[in-house]
Amino acid sequence: MIQRNSIEGNPSNEQIELGRRRRASAWTDIVEGIALWRLWFRLGWNDILQRYRRSVLGPFWLTASMAIMVVTLGVLYAELFNQPIDDFLPFLCVGLLVWTLIAGYLTEGGTLFTGSESYIKQIRLPFSIYVYRSSWAKLIVFAHNFVIYIGVLIYFQIWPGAVSLLAVPGLMLIVLNGTIASLTIGIVSARFRDIPQLIASIVQIIFFLTPIFWKPESLRGHAYITDFNPFFHLLEIVRAPLLGNLPSAANYFVVLFLTLINVAIASAFFSRFRSRIAYWV
Amino acid sequence: MEAELTLQNVSVSFPIYQSGSRSLKKRLLFRGTGGHLATDANHRIVVEALRNVSLSLKAGDRVALIGSNGAGKTTLLRVMAGVYEPFAGNVISRGRISPMFDISLGIDSEISGYDNIRLRGLILGLTPSEIEERMPDIVEFTELGDYLDIPVRTYSSGMMTRLTFAVATCFSPEILLMDEWIMAGDAGFMAKAQHRVQSFVEQANILVLASHSLEICRQWCSKAVWMERGEIKMQGVIETVLAAYSEEVGAT
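Each protein sequence line maps, in turn, to chains A and B.
Take 1 as the starting number for the first sequence in the numbering used here and just add one per residue.
Take 1 as the starting number for the second sequence in the numbering used here and just add one per residue.
To be clear, the hints were calculated from the coordinates, so they are not data collected in a lab.
Where hints are given, some of them may not hold.
Partial pick of chain B residues on the chain A-facing surface, computed with a CB cut under 10 Å [claimed, not checked]:
no., residue
1, D108
2, E110
3, L122
4, G158
Chain B residues, not near chain A, derived (Cβ > 12 Å throughout) [claimed, not checked]:
no., residue
5, T74
6, S104
7, L105
8, D115
9, G145
10, S172
11, L177
12, M190
13, S211
14, E239
15, E248
From the three backbone atoms N, C-alpha and C, an ideal C-beta is built for every residue, glycine too.
If we strip away everything but chain B, and leave its shape as in the complex, we get (with noise of 0.2 Å):
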């Protein structure tokens, strides 16, 4: 079973409700008084944050999201991931997801590093039996050693993106999914992450990873899809495609 991610005429529209229209009141008053009181409480500004997206992801392809902020990025990462059901367009999915877009999702400070592991799995749709099954193989990875028995809260930045980076490989996610992630750790655990990302895709599973270093792009990913104002503006190779953005890019 090979994973799969396609996107078919996606849209995704964020009305923003001015605290105006956030109170039921004013919501009330405005219909009872047909318009004439409170005419500012139902302003509504749509964003448009996706436009007709289409993308169609394979086993094996490992994805560069690049733009400018505010193109997109976050919100197709978050329909990949279910998050927002589109307003338009169909999402077809195959494999396990696992979003990393917060290095602190599911964290509970005061518990223990193995607490935690468990926590996180149990986040990800794991049994326990399964999650003590690869325990070791995380323990490991992770060489936090026995600060896996103390309180996350003692923990450094780093050591925080090695227990969760670990947690998040280690259950053999079919589609992975990165946003913009602080890459706090050091050379040695930033090889071996790579190196982990690299095995795990080879493995007829997807990246999709949003950043704004078009260094750890090119390093992580074989393609590219360039978004601009919430829609596609290219995809292709990485190598055209990071070209043809730093062209524009440089130029302004």
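Bound-form chain A, shown alone (with noise of 0.2 Å):
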């Protein structure tokens, strides 16, 4: 038996009830999306499929570009920067292999909902599930790209060793942050059709302020710059295990800092506008 009851109208002093009562559906609908794995895991699978579907490298695709890309620019930035190749270039690799994944979150989490307008206007699935569907496709991709690194390893003769294992909770750190914050951002996306453009603008800025194509070490004194870069800690917690070494407790510090400020909107804008998406899109 469903018991569907209005979302508005209610005179002040039933706010608090209807505040439980919408966290209550909230929670209901992450937990409701997660029962349904097997829709969001075919979805997303699909969603890769047909992106190289009839094209010749196939899924193969993204990880060309990406290894060309490193290649290049490793080779330009060592010798601009004065670096030694065997350091910078593994470096510079896993940086964008996490970038790639975190910024992906961002730039791909306005089209959750205003992307899946004919699901949700036609039948009642958990919002969840969009979002569930969405970090498993990148999650695809990233293990696509990854394939880079274990060749860069290969070939600079590098073994980061038993810590490099610390790069799995690392990786689960940013897949949870990344999924919440898409959340949030698929929902203010619904209501308001220029948030995309204004995170993609954002985006571009923080690569560029984060050590990806720079070592944290040339920043001689500003360290502030990094320091303050919740990026930078994310982006740390698995590059650093990937190339041998540990992440600072700073870094977890920080991410985990992160986490609580993500849960926090995440839940407060989807439990009051969670009824709303559908009238938005």
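Both chains are sitting in their own frames, so use the hints and assemble them into the complex.
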């Protein structure tokens, strides 16, 4: 038996009850979405397959283009910055790999709901499904690109050791933060249609402010640029282990703090506006 | 457990966001200047799609939704499907809801008929084993044979109707909602479809069908609800309502 009550129009002394009901509905949505994993698993997988049907390289188009970028830019910037190539190129490779994942959450978050308008307007499905589907598709792409990292390891004869296993919880933290942030972005973008452009511009700036093409050591006294950049810390918890180093406690601390803020904002937005999404798209 | 669908004083309004207020910049500008600049940015026109609608449907009801364009039929169906949560009022439903609004929902034209059946089943909330269990039944109902192995982008719209109709009705929906379906099937299939709908409705289920074709309404439904400008103008036995409707429509 499903009972759906109204979402608006109650006098102020019932606001607390309304808020509680909204939070409960939001939580149910998240949980129901996870239960429907077979559906978004299939949808995300189909999204990737769709891009590469009837093409020559198939899924490896993405990998190939990233590999070319890593190699050419790695060689060029190592020269420009006067850095040893066997140190700089792996650094650049992992940085780009992880950054692509993080940036993907931000830039693709805008179309999470607006891009699924036909589903949303026709059948009641938990909204979290669209979020999980998108996240899963990004993980598949990350797995494709990971091959380049393996290639770099082999070529430069690097063995990161057991510490590289720390990349796994690091990756999980990135996926968690990215998924939650894209939920917030998706909701806001359904209402205000210029948010995706705004985010795309911001992401570009953050890309240059984050040490991907340059090493943090070259900052020489302006350490605040990296210290106060949450994306630097997010990047480090996966990059450092993959290069054989231990991320600092500060990195983890900032990421956990970021996660808390993310969760707080997303749950507030999702509770309040979940029932409006169908009206906005 | 019998199917049931009740709406109590349901109201739905759509604020029409002009392209002006769709922009965050204009919203901020409006706030920041106390409304002196960009005063046209926040003109909100509201469309009251449903006004205080109350309905009570029980198992075995086959209801036709009729009314002119823009009367609120599609909105009402969407509220029943749970797509729109109403601004006011309650919706109480019991039973699995199968909305059939667009035959291409969830259809991936690049994958085969079989895979699309599986995907549709997943969308409707079934597990893979439940889908496989019903697969022979669906295949037999569609009569598409070997076509099910090739991508559905090769199908005609009639074939698509067969596929999606089979999928929607073979997964024992308890509440079936249909919106102005272009019944592109041939006569043989239409007879089969009607038989299928009748048998499923007899098993204590509910059908709600929105259509402009009074003939289809007569054939498939026992009751009718006449919507006009977001309100229920009349509801009751099909012949009574259709007679009143044709009279009014014929007069204008």
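* Asked: Taking each numbered hint in turn, which are not upheld by the structure, reported in ascending numerical order?
  -> 4, 5, 6, 7, 8 and 11
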